[in-house]
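Here is how the chains run, residue by residue.
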Amino acid sequence: MQVKTIKVDYLARVEGEGALKVVIRDGEVRSAVFSIFEPPRFFEAFLRGRGYEEAPDITARICGICPVAYQMSAVHAMEDAFGVTVDGPLRALRRLLYCGEWIESHTLHAYMLHAPDFLGYDGVVDMARDHGDAVRLGLELKKAGNDIVNQIGGREIHPINVRVGGFYKVPRKRDLAPLAEKLKRTREQALDTVRWVAGFEFPDRERDYTFVSVSNPDEYPFNEGRIVSNRGLDIPVAEYDEHFEEMHVAHSTALQSRMKADGGAYLVGPLARYSLNFERLSPDVQQAAKEAGLGPVCRNPYRSIVVRAVEVLHACEEALRIIDDYQEPDSPFVPVEPRAGIGFGATEAPRGMLYHRYRLEEDGKIAEARIVPPTSQNQPSIEADLANFVGTFLDMPDEALQYRCEQTVRNYDPCISCATHFLKLEIDRG
Amino acid sequence: MVGSALVIGIGNPDRGDDRAGRAVARLLRETPPPGVEIVEHDGEATSLMACFDGAGAVWLIDASSSSSPPGTVRRFDATAAPLPAGEVGVSSHGLGVSEAIELARALGTLPARCVVYAIEGASFEAGAPLSPEVAAAVAEVGRRVLAEIAETGRSLPAGD
Numbered sequence: 001m002q003v004k005t006i007k008v009d010y011l012a013r014v015e016g017e018g019a020l021k022v023v024i025r026d027g028e029v030r031s032a033v034f035s036i037f038e039p040p041r042f043f044e045a046f047l048r049g050r051g052y053e054e055a056p057d058i059t060a061r062i063c064g065i066c067p068v069a070y071q072m073s074a075v076h077a078m079e080d081a082f083g084v085t086v087d088g089p090l091r092a093l094r095r096l097l098y099c100g101e102w103i104e105s106h107t108l109h110a111y112m113l114h115a116p117d118f119l120g121y122d123g124v125v126d127m128a129r130d131h132g133d134a135v136r137l138g139l140e141l142k143k144a145g146n147d148i149v150n151q152i153g154g155r156e157i158h159p160i161n162v163r164v165g166g167f168y169k170v171p172r173k174r175d176l177a178p179l180a181e182k183l184k185r186t187r188e189q190a191l192d193t194v195r196w197v198a199g200f201e202f203p204d205r206e207r208d209y210t211f212v213s214v215s216n217p218d219e220y221p222f223n224e225g226r227i228v229s230n231r232g233l234d235i236p237v238a239e240y241d242e243h244f245e246e247m248h249v250a251h252s253t254a255l256q257s258r259m260k261a262d263g264g265a266y267l268v269g270p271l272a273r274y275s276l277n278f279e280r281l282s283p284d285v286q287q288a289a290k291e292a293g294l295g296p297v298c299r300n301p302y303r304s305i306v307v308r309a310v311e312v313l314h315a316c317e318e319a320l321r322i323i324d325d326y327q328e329p330d331s332p333f334v335p336v337e338p339r340a341g342i343g344f345g346a347t348e349a350p351r352g353m354l355y356h357r358y359r360l361e362e363d364g365k366i367a368e369a370r371i372v373p374p375t376s377q378n379q380p381s382i383e384a385d386l387a388n389f390v391g392t393f394l395d396m397p398d399e400a401l402q403y404r405c406e407q408t409v410r411n412y413d414p415c416i417s418c419a420t421h422f423l424k425l426e427i428d429r430g
Numbered sequence: 431m432v433g434s435a436l437v438i439g440i441g442n443p444d445r446g447d448d449r450a451g452r453a454v455a456r457l458l459r460e461t462p463p464p465g466v467e468i469v470e471h472d473g474e475a476t477s478l479m480a481c482f483d484g485a486g487a488v489w490l491i492d493a494s495s496s497s498s499p500p501g502t503v504r505r506f507d508a509t510a511a512p513l514p515a516g517e518v519g520v521s522s523h524g525l526g527v528s529e530a531i532e533l534a535r536a537l538g539t540l541p542a543r544c545v546v547y548a549i550e551g552a553s554f555e556a557g558a559p560l561s562p563e564v565a566a567a568v569a570e571v572g573r574r575v576l577a578e579i580a581e582t583g584r585s586l587p588a589g590d
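Chains A and B, in that order, give the protein sequences. The first sequence begins at 1 in the working numbering and counts up by one. The second sequence begins at 431 in the working numbering and counts up by one.
Bear in mind the hints are in silico, worked out from the structure with no lab data behind them. It cannot be assumed that every hint is accurate.
Claimed, not checked - Calculated Cβ distances over 10 Å to all of chain A for the following chain B residues:
no.: 1; residue: Glu467
no.: 2; residue: Pro500
no.: 3; residue: Gly501
no.: 4; residue: Arg505
no.: 5; residue: Phe506
no.: 6; residue: Thr509
no.: 7; residue: Glu532
no.: 8; residue: Glu578
no.: 9; residue: Ala580
What the hints assert, rightly or not - A few chain B residues that face chain A, going by a derived Cβ cut-off under 8 Å, partial list only:
no.: 10; residue: Thr476
no.: 11; residue: Ser477
no.: 12; residue: Ala480
no.: 13; residue: Gly484
no.: 14; residue: Leu525
no.: 15; residue: Leu537
From the three backbone atoms N, C-alpha and C, an ideal C-beta is built for every residue, glycine too.
With the hints as extra help, turn the sequences into a complete structure.
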């Protein structure tokens, strides 16, 4: 039996804490375990007994990278419970805010965390010494996302302008004009980014994923729609719990999500969104995707960096469209009358579908809260990718193999900081 | 001095002693020295770097979590050399204070002077108050940063 152990204590460039252990015996991957150390569900407990109107601000603090997603899932769930519909310019402004978060988050991941994997650097600091112009472009692109979140959300990190029913304050049409001017340049930078990442070399690996995303016939999904899959699932958000379940697994204190029907893993995030909603991208964005080597479906997780770049381009176009069409609403919010009930919300965080469910008392107090973040939904897929792919890379030297494992995890942009901190990596060759 | 002086207090305001840096920033804001910009920040590297724009000197104050006793103050001059690995920036994010400094250095945007103060925290629990040792360290760091700013102002030629 081949005897070799590789142990790495710290896996950089992922958000949060977790551990990865790959066990190899006689040239085959025996197991691949990706653990997340999730403390007790602090926020779910913290929300109990609080007013419904506090949920957007409290849940926004769960993650510094995707606060908008938490706010959006929270407000949609509350509005669902109270029978309130938010449409017109308020709905459009929410989409604009989400565009900002996608641009920020995807750009941060693509340039600062993931690109070094493809160009052979330990991290972005080393990469910047040789690819300064690319890094500068990435920083500028990310800043454009920050500017959107700042202007609509009120504050870059943990936006405070979002409320159930709409916003506390909405922008004047003329205030958005300078942002639109800047975004025209941003769109060009996003297109340059698609072309840049398309030139990377990608391991030729695919898996037949069960893709799951929010889907809406009229638009590429951000806030609203049904939950669909490529295996025929097509349900309203309220039926999420009938089709998906969270389970405790021995190696992780976090919960793992699986499909109830067959216990199978499923994939949320850029690959799933793109593959289920390609037709809803504008012709220009579709063309850019094609030129970047993507078909209408992408099953190669290493190409997720290209899909993220395409989604950034989409977000820039969508933001420009929203600003162009914007009409100032009569009121910054729709009045909300609390009532007892259960509300459901699922929106597309940069990393994938984020599900919230709240049970509310008559006076709008939160009796029960449930939050299922995208990374816990993707955890079984991350393990399956490792189990399937690592075996095909075993001829690599140890250091390169370890790097490839890290890259395989980083394909997911796992945001385990929602709950957790470092990631430990261990490869055990027996 | 050439370019303005900038003080950045880093941390998560909801995580106990993690907000030590922010507490220093708030303290200095009570009687802000003229010409000094004071900022609070969550520590995310790329937007932290963006704050450096146009600054001639920057003082960064962050919480640390090592084996030192709570309230221990350590000072690092990052002007010419990187921070010692693992000493500062307990950020749970992939990119923190050290990366912001080194990325700025690589891109040539690091201010001419860059000093980092680390205050050892006792507790990083959500919702916890500043522990007494850390509160005392906050006052000490506030005094030291003010003294350094005054010193820097005297030792460098006046500029914009």
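Numbers of unmet hints, in rising order: Per hint list: 7, 13 violated.
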